[in-house]
Amino acid sequence: MIGLKANFKYNICWFIIMITGFYLMNTLIMVGLVDSFIENMFVMIWINIILATGLNLIIGFAGQFSLGHAGFMAIGAYTTAIITQKAVSIGGFYVSFIVGMIIAVIAALLVGIPTLRLRGDYLAIATMGAAEIIRIIINNMKITNGPAGMFNIPQFATWPIVYVMMCITTIVTVNFINSRGGRVIKSVREDEIAAEAMGINTTKWKLAAFVLGAATAAIAGSLHASYLQTIAPNDFGIMESISILIIVVLGGVGSVTGTFVAAVVLGVLDTVLQDFGTLRMVIYAAALILIMVFKPSGLLGTREISIRRLFSYIKRRSV
Amino acid sequence: MTTILKVDKLVKKFGGLTAVSNVSMQLNEDELVALIGPNGAGKTTVFNLLTGVISQSSGKICFREREEMISLNNKKAYQIANMGCARTFQNIRLFKNMTVLDNVLVAMTNQYKEGFFKSVLRFPSFYRTEDEILKKARALLAIFDLDKDMYKLASNLPYGIQRRLEIVRGLAMKPKILFLDEPAAGMNPEETADLTRLIRKIQKEFHITVLLIEHDMSLVMNLAERIYVLDQGKMLAEGTPNEIQQDKAVIKAYLGEEG
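Residue numbers (my numbering), protein chains in the order written: chain G, 1 to 319; chain P, 1 to 259.
Simulated from the structure, these hints should not be mistaken for laboratory data. This structure is a prediction, so every number in the text was calculated from the model and none was measured. Hints are supplied without guarantee of correctness; some may be wrong.
[Stated by the list, open to error] Partner residues aside, some chain G positions facing chain P, computed with beta carbon under 7 angstroms:
no. : residue
1   : ASP35
2   : ARG183
3   : ILE200
Even glycine gets a Cβ: it sits at the ideal position worked out from N, Cα and C.
Take the sequences, apply the hints, and build the full model.
This is the structure:
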């Protein structure tokens, strides 16, 4: 690590990478290299990145094993679906974003306050149960159209909006991790008793990480609903939570860039394998097993891809 | 001398076992006090009671805050820590996968504020507070020769340095009392000598009260102004190192009955 001024330089680099990514995508669509099928793949990868980064904040940085991420995603998705069907405008879409986030935050508080005093497996089971409760409530409400789900949701989430939202949530999460709050939640992960002895209200900080993660999941849910235009309660079951967890574990618990890499690898793998028909899930699972055997701590472990390290590597090479 | 911590008839029962019975003690400002006793005497239990990790069965602990003695009963560990009680642990509890600097910064958490939106949107004021607190942390690390290891992970430090870092982390909280739980455990004589110097230095430069649990008698007799002796959960004796060395009951507890 170096001074904050130098950090600024690397932040600018990341910013340029983000903008380049945007224009690259734009050009590829214009020249026709990216058709709607590939575009769909990219958007789903980006939504997964939002989800997995939020879950990584909870699991990898705050050390709280949550299995209920899909529940918060469902809240965002249904809020957007309901509001944009009533108020068909881009403004309604943005309002639904904020409303979805607020509901998800309230739900996260309600779930988190009693469950976050549990540890490890117990917390995983409790959060899983909470997500299931959210799903079942949605399944039985009239306004959500019950088990049939909602369709003809107006599409406001185009790929640029998803891309920009991914960038914003990532920046917010990473900035949080690299600030006072981030240091505190990491200390809670490392040793709760020691953190408590440092004057840290561990319950409060665990809750903060949980709520922030839930809010980003709601954003991902909103984008999901608005982009795909169809949602059903079963999209947000335990399997969805697990597939987000897989991205986190595969990328490396506690590595944001790892989450990016894993989401891209899995997203591309999933798309490529669609040609293989029934064998698809077998190959997918086999790939997962292989990665876990050879890279048990995930593709990147707890390390991050860092521009600073890249720079110093290039410098060393050129000398 | 003003009393900073007063313990009155403290009792802790674990089921049928009375780990601490009727322990009373008091600590004065700027004083270095040792708590000794044979294995299983209940020293660490007393520490855990004082720092709020466990709560007492009966008795009272009072801590001086703004000229007033405030009861610590029903206060949570983090609240007690925020009142100015720092501690170290018998088996080092550093934040292992965090850097030395981050370990210290975590201890300073309550000395600065960064609003959520200010930090995630990186307002200029975020950089200002961050710069300021980094400077403070670095200065503290420099006093204890830890600044060269600032960016190393705590788990990569040698054992003696880890012990030192844990003490420095406690100091970073700007405590009024520092509780040291067997700081010399597992150290070689050279490291113990270093530690003795370190504790002296802390006392002289930071003007805080230190309560120390220790088995190493050379360290205790060297440093402590006053000693409490605990045996089987009861307070056996209290006095200066000289008095304790002469005390019949203490000798009996440590060496067994004579003849």
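Checked hints:
1. ASP35: violated, 36 angstroms
2. ARG183: holds, 5 angstroms
3. ILE200: holds, 6 angstroms
Taken one by one, the earlier hints fail for this structure only at number 1.
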